[in-house]
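Q: What follows is each chain in one-letter form.
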Amino acid sequence: MAPVMHHIGGEGPAVVLIHGFGADRLGWVATSPALLDTYSVWAAELPAHGTAEPGPTTPIDIAQALTDMLPDSDDTIALIGHSLGGAVAAHVAALKPTRIGKVALIAPAGFGDGEVAANFLRGFPKLQSEEDALALLRQLVVRERLIMPQMAQYVLKHLEKPGRREALAQIAEAALSFMPPALPDDALVVWGEEDAINPPDNAWLTGLSNQAMVLPDTGHLPHVEAATKVNRQLVAYLQA
Amino acid sequence: MTTPILVPQLGNEITEAEVTEWVASEGDAVKNGDLIVVITTTKMAIEIEAPADGTLKTIAVPEGDIVEVGVTLGEVA
Numbered sequence: 001m002a003p004v005m006h007h008i009g010g011e012g013p014a015v016v017l018i019h020g021f022g023a024d025r026l027g028w029v030a031t032s033p034a035l036l037d038t039y040s041v042w043a044a045e046l047p048a049h050g051t052a053e054p055g056p057t058t059p060i061d062i063a064q065a066l067t068d069m070l071p072d073s074d075d076t077i078a079l080i081g082h083s084l085g086g087a088v089a090a091h092v093a094a095l096k097p098t099r100i101g102k103v104a105l106i107a108p109a110g111f112g113d114g115e116v117a118a119n120f121l122r123g124f125p126k127l128q129s130e131e132d133a134l135a136l137l138r139q140l141v142v143r144e145r146l147i148m149p150q151m152a153q154y155v156l157k158h159l160e161k162p163g164r165r166e167a168l169a170q171i172a173e174a175a176l177s178f179m180p181p182a183l184p185d186d187a188l189v190v191w192g193e194e195d196a197i198n199p200p201d202n203a204w205l206t207g208l209s210n211q212a213m214v215l216p217d218t219g220h221l222p223h224v225e226a227a228t229k230v231n232r233q234l235v236a237y238l239q240a
Numbered sequence: 001m002t003t004p005i006l007v008p009q010l011g012n013e014i015t016e017a018e019v020t021e022w023v024a025s026e027g028d029a030v031k032n033g034d035l036i037v038v039i040t041t042t043k044m045a046i047e048i049e050a051p052a053d054g055t056l057k058t059i060a061v062p063e064g065d066i067v068e069v070g071v072t073l074g075e076v077a
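Line by line, the protein sequences give chains A and B. Just so we're aligned, residue 1 is where the first sequence starts under the numbering used here, counting upward by one. Just so we're aligned, residue 1 is where the second sequence starts under the numbering used here, counting upward by one.
Bound conformation, chain B alone (with noise of 0.2 Å):
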């Protein structure tokens, strides 16, 4: 089964955010809280965090790129 990253409801007004830092690798294995990305919004580093135990199977945003609110920056499997 994989369980996906996702980027975080934000609020209103926080639609994006920037993939600042992949903590984990891909084939690294993760418990569910583990720190495993950092995102950076307008302004705050947010930490999200592995949402299963398991292996970060997939890398799908690159660090440096901007996302949207809901897409999927990796998967847990």
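Extracted from the complex, chain A is given alone in its bound form (with noise of 0.2 Å):
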């Protein structure tokens, strides 16, 4: 059945993170530690990702079987997604208002108009030799040490499992052509400046009566780019 949903670790109010597209939990290395102290943390697996077997290909859908492994808590759940995570997200809280408390979206799929990188969505799957794999990971980051072989090697061996490029081909397709959840009121927004991958939509930022947080010098994952600052916000954000 896909997704899963692993325990990181913690006690306290349940966050639930969700990876964006080709990440799986272990994306969430440089943020988990900054919420283990006071929350109760788990990673959401999508299909074909990680631990989890290939299963629904539209965020919508995805969404509708991951409220369905919700972890049991007494208070309101927070998500906290990434990307394709967090259009996952937005639909999540949509589909349980009642279980869903604060969300947390960074360069969330599918909000305001910049334009989605589609060969990296399309060539994921594709990806053959560590040397390709590396030159497609790292359109994910300014700083390029942050990609390091081991990523790649790591990607590759994902890929090889049965079923996973075919599935993730799907997902991607899906991602380029989906009808966005609705932005949850007081979500948070983080986004990277230089995304190239995603990239933000200023106007849209500019426009929004959410708290958005952008980052200056910082890709598509601010939460390993600008980890400090991201997590502060996180925490900041979870607590009031």
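It cannot be assumed that every hint is accurate.
[As the list claims (entries may be wrong)] Here are the simulated lysine-lysine pairs, DSS-like style, with alpha carbons at most 25 Å apart: (1) B:Lys43 with A:Lys157; (2) A:Lys229 with B:Lys43; (3) A:Lys126 with A:Lys161; (4) A:Lys126 with A:Lys157; (5) B:Lys31 with B:Lys57; (6) A:Lys161 with B:Lys43; (7) B:Lys43 with A:Lys126; (8) A:Lys96 with B:Lys31.
For the record, the hints were derived by calculation from the structure and aren't laboratory data. As the structure is a computational prediction, the values presented were derived from the model and not from experiment.
Two chains, two separate frames, one set of hints: put the complex together.
A: Following this line, the structure appears as structure tokens:
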């Protein structure tokens, strides 16, 4: 069954992290340390990603499946979603308004009119060599040293699992042509100014009444590339 | 006063990381929040910042070594 929910650690109110296209729970390694002292931190793995088998391919269908595996919690659950996971998080919030509290969206897919890098989404499932994987993955960041050969090898190994390439190709196509959910009213929006994968739409961001944080010298992974600033903002938002 | 630079807690399943690159050298002046060392986990690289203002007094773990969570990578004094 897909998706899969992993408990990363910690105790307290539940926070669910929802990764982006091609990522998995380990992509939150720079985020979870800031949350583990205060929260019970969970990481969803979307279909065909990480330990999850292929399954639904559209953001709304993935969100629907995810609503069945939200952690038990007396309090409302906070969601932090990145990229495709941001679109999924917004859908989950709309589907389960009484269960979901705060929603933080990092470079969320489907919001604003930035031109999504179709070459990244379509190229990822076809990666074969470490060289090509490194070149593609480095589009994610401004500071390329954050994408090491270990990550390229990790991605290629994942793509060799049965059915992953095909499923990821379907998810990529769905991500390029889906109807975005409504932006939750009090959602925090975080974006990297230099995002080459899902570029920020500055006019859209400026017009938002939501709390928004746009980070200079930062690409598509603000939670990695500007981890300290983003973590500080996330914690302040979650505790407000 | 010395302040240790520690490998942060990384969750239940990540217990070690590789020291990838020291961005600062021993003797360099550093400010709290300056990028000082990059470590790499199974998948992702993580930037570790100086925990205090001062001088990078010691690099305790060289590039390429594998370290466990909680280990002291170096000291700022």
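Q: Taking only the CA atoms, is the gap from B:Lys31 to B:Lys57 under or equal to 25 Å?
A: Status holds; Cα separation ~13 Å.
Q: Need the status of pair B:Lys43, A:Lys126: alpha-carbon distance at most 25 Å?
A: Status holds; Cα separation ~19 Å.
Q: For the pair we were handed, A:Lys126 and A:Lys157, check the Cα-Cα distance against 25 Å.
A: Within the cut-off at roughly 12 Å; holds.
Q: Compare the distance between the alpha carbons of A:Lys96 and B:Lys31 with 25 Å, and conclude whether the hinted pair is satisfied.
A: With a Cα-Cα distance of about 44 Å, the restraint between A:Lys96 and B:Lys31 is violated, given a limit of 25 Å.
Q: Between the alpha carbons of A:Lys229 and B:Lys43, is the straight-line distance 25 Å or under?
A: 21 Å, holds
Q: Quick one, are A:Lys161 and B:Lys43 close enough, alpha carbons at most 25 Å?
A: Holds, because 17 Å separates the two Cα atoms, which is no more than 25 Å.
Q: Taking only the CA atoms, is the gap from B:Lys43 to A:Lys157 under or equal to 25 Å?
A: 11 Å, holds
Q: Between the alpha carbons of A:Lys126 and A:Lys161, is the straight-line distance 25 Å or under?
A: 13 Å, holds
Of the numbered hints listed earlier, the single one contradicted by the structure is hint 8.
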